[in-house]
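Enquirer: Next come the chains, spelled out residue by residue.
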Amino acid sequence: MTVLRNTQHVVQVAEQYDAKLRMTMQYVQVLYTESSGPADQYIEDTGLQSMTDGATVATILNVVASDTISLSDDASNFINARIGNTLSLSDSATVMLVLTRSTEQLILVSDDVSLLSDQSHPVLDTLSVTDTVSVIRLIETQVVEDTLSLSDTAVQARPVASTLTLSDVAVGVIGGIPDSASDIISITDTATVELTISLTASNTLALTHSPTGNWIVEGATDISAVLELQDFAVGTTVENYVLLFAPYPQVAAAIVLPRPLLQDKENSAATAQIRRAMDGTRYSYVKNPRSRVLSYTFEMTRQKSLELENFIDNYNGEHIKLQNWKGEIWDVQLLTNPVDYTQNRRSAPVGQTGVNLQFEGVKLSG
Amino acid sequence: MALLLIEGFDSLSAINDAYYATSISQCTVETTITNSGRASMKIAGATTTSVPIPFGGTSNEIYFGFAFRINSLPGADMPIVTMCSAYFEYFDLVLTSGGVLKFKSFTTVRSPDSGANVLTTDTWYYIEVKVKKSNSISAGDVSLRVDGVEWIELDAASDVIYSIEFAYTDCLLFWGYTSKIVYIDDLYVCDETGAVNNTFLGPVKVATLNPTDNGASSDFTGSDADSTDNYAHVYDSAGQNDDVTYVESDTTDHIDLYDYDDMPADIGDIHGIDVVSVVKNDVMGGGTVRQGAPIVRSGGTNYQGDTYNVGSPYVHKHHILEEDPDTSTAWDEAGVEAAEFGVKVVA
Chain A
297 MTVLRNTQHV
307 VQVAEQYDAK
317 LRMTMQYVQV
327 LYTESSGPAD
337 QYIEDTGLQS
347 MTDGATVATI
357 LNVVASDTIS
367 LSDDASNFIN
377 ARIGNTLSLS
387 DSATVMLVLT
397 RSTEQLILVS
407 DDVSLLSDQS
417 HPVLDTLSVT
427 DTVSVIRLIE
437 TQVVEDTLSL
447 SDTAVQARPV
457 ASTLTLSDVA
467 VGVIGGIPDS
477 ASDIISITDT
487 ATVELTISLT
497 ASNTLALTHS
507 PTGNWIVEGA
517 TDISAVLELQ
527 DFAVGTTVEN
537 YVLLFAPYPQ
547 VAAAIVLPRP
557 LLQDKENSAA
567 TAQIRRAMDG
577 TRYSYVKNPR
587 SRVLSYTFEM
597 TRQKSLELEN
607 FIDNYNGEHI
617 KLQNWKGEIW
627 DVQLLTNPVD
637 YTQNRRSAPV
647 GQTGVNLQFE
657 GVKLSG
Chain B
10 MALLLIEGFD
20 SLSAINDAYY
30 ATSISQCTVE
40 TTITNSGRAS
50 MKIAGATTTS
60 VPIPFGGTSN
70 EIYFGFAFRI
80 NSLPGADMPI
90 VTMCSAYFEY
100 FDLVLTSGGV
110 LKFKSFTTVR
120 SPDSGANVLT
130 TDTWYYIEVK
140 VKKSNSISAG
150 DVSLRVDGVE
160 WIELDAASDV
170 IYSIEFAYTD
180 CLLFWGYTSK
190 IVYIDDLYVC
200 DETGAVNNTF
210 LGPVKVATLN
220 PTDNGASSDF
230 TGSDADSTDN
240 YAHVYDSAGQ
250 NDDVTYVESD
260 TTDHIDLYDY
270 DDMPADIGDI
280 HGIDVVSVVK
290 NDVMGGGTVR
300 QGAPIVRSGG
310 TNYQGDTYNV
320 GSPYVHKHHI
330 LEEDPDTSTA
340 WDEAGVEAAE
350 FGVKVVA
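These protein sequences, in sequence, are chains A and B. Quick note, my numbering runs 296 ahead of the 1-based positions in the first sequence. Quick note, my numbering runs 9 ahead of the 1-based positions in the second sequence.
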């Protein structure tokens, strides 16, 4: 008998499976050209350039006129600008500015802008800097009618300047103004100035309010327009004033005094002597020099009197050029010796110290 | 279509993730020496080492550009790239031992060469080539630019093509050289058709953006069985990790969208974008096989790309857009950064 033996039974089932779409990675590739203006590139500009955000641009503007460049935010720029350019900077922009052979340029800087300007041969250049601007401006020689205005907490180092206006708490460092004319330096409010200037003709130094600082004037070789305000110099109101320049004509120092009190005097220095000879004849000796005697009584602050004392100590006996409130210019010598200072009041903003000075000399003009 | 290929190599873990290299060990992704982005392609092998990069297209005139760098000059003529069809060589760009560039048709040198203009070592150059598929070329049909400056414009010639059997150029073959290290980065290919990207693009770069957040739709299921952070499952910083992290769906019309990185700071003109999806069907089980499509969401509207079919191995599907579909103008930085990109189950 045959036995059928089944040792294994296998059932195979074919099962269909619906697939899933599976994605393991996705990315986007962007094909692009780099934006213009990396730090080592230059743009020759013929029109408007606006740079924002973190733009760093090296820009050279050549032979173009009336360009406007606007920088904002954190833009950094290096500009070599020429005729008729206007540059506006705001926020925390940083600029390395080189201006060459420029004419009638206007640069406006505001906010936290830092500006380093190296300018050669500028003419009629105007730079306005406000707020917390820091400026280092190197300007070479042959400057005419250049204007630089600083306000607020602006800080400036400026070797050459024709017109400098400092206000508020501005701090200026000025050095070396050779061979320039028609300079005006105005210092107002609490401005502090480290000033080294060499003025020649028709210069005016106007000090108002109570600026302080060290002022050193160099190169007094010609016309007596050089002012030296040494340590402890204090500004005074300049509407009515007496200016003393000494020694004359090789002027090395100057002091500005307020107008004298009423009853100032101008007398003749002429004298007449009558002598009788042995034979009884009378002779008259008349000395009628051109010189006149000026007597002025000043009232000034205590600090101003110390400055005057220092001036007299240095130049007593020297010829002094005197310019008074009437516009007269005199060549005088100081007659008063010793000079007595009187304390008229204990404390006052002005006028607590009195002093009478007598000068003898000739009028040069006026 | 003018723009045919964009490749920055930044999202590859290996060259063979996306391309067929003759030697996996000698053709690698370099992450230190790059012209832009995270990575470049490094070929450090023998003269037989090559990486073919196909770009498709049927045009008669091709422009392509790539960043090139070599660590030392070859001892003899070295082909940098071969313009070929189906891997059959016909036209080479050759670097000489003196750093001069020249074109060769098989063994025939075409004149002129780059003359006094030479490449030096360890420096990135952006090389661009215009080549016209013709066995007989006129002057200017083939030219070469380096860093945007024309170095070569071939004279008129005949018998340019080694084999006259080719229908069109559709593949670039990048070569290695014995004991030399070659780096390739920021590759593009375009043709002369279309209104834009139909000529030299100049020195360009490829920025690779990665997903940073889920977008307007999160229909797919992540490999962690939820959809809360799908973007993280399709962002592999060092290249694709296959089935380690992924998203998937078997439901028609399911869409997954993602926000992407912001653009690099040096973005200028954008010539185009390439949405690259590394996708597959999870299994070929005899049932329904899913079809997918890329999705670009711009201006609040979803724009669907071409439907693709994929098998069970992962493949790179490219979706190139030269314009923002929302504006029908060239992409700008804001447009790219505002857009979302993703994938859809079409069927």
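If you're looking for bench data, these hints aren't it; they were derived computationally from the structure. Glycine included, every Cβ here is placed at the ideal spot set by N, Cα and C. Fair warning: there could be bad hints in the mix.
[What the hints assert, rightly or not] Here are some chain B residues the structure puts well away from chain A; computed CB gaps all over 12 Å:
1) 19
2) 80
3) 120
4) 281
5) 335
[As the list claims (entries may be wrong)] So the derived list for chain A, only partly shown, Cβ under 10 Å to chain B, looks like this:
6) 323
7) 326
8) 330
9) 625
Enquirer: Now tell me if each hint is right for this structure.
Expert: A quick look at each hint next to the structure:
1. 19: Residue 19/B not clear of chain A: closest Cβ-Cβ about 8 Å, inside 12 Å.
2. 80: holds (25 Å)
3. 120: holds (31 Å)
4. 281: violated (5 Å)
5. 335: Given a closest Cβ separation of 16 Å, the condition holds.
6. 323: holds (4 Å)
7. 326: At 4 Å from the nearest chain B Cβ, residue 326/A passes the 10 Å test, so the hint holds.
8. 330: holds (5 Å)
9. 625: violated (66 Å)
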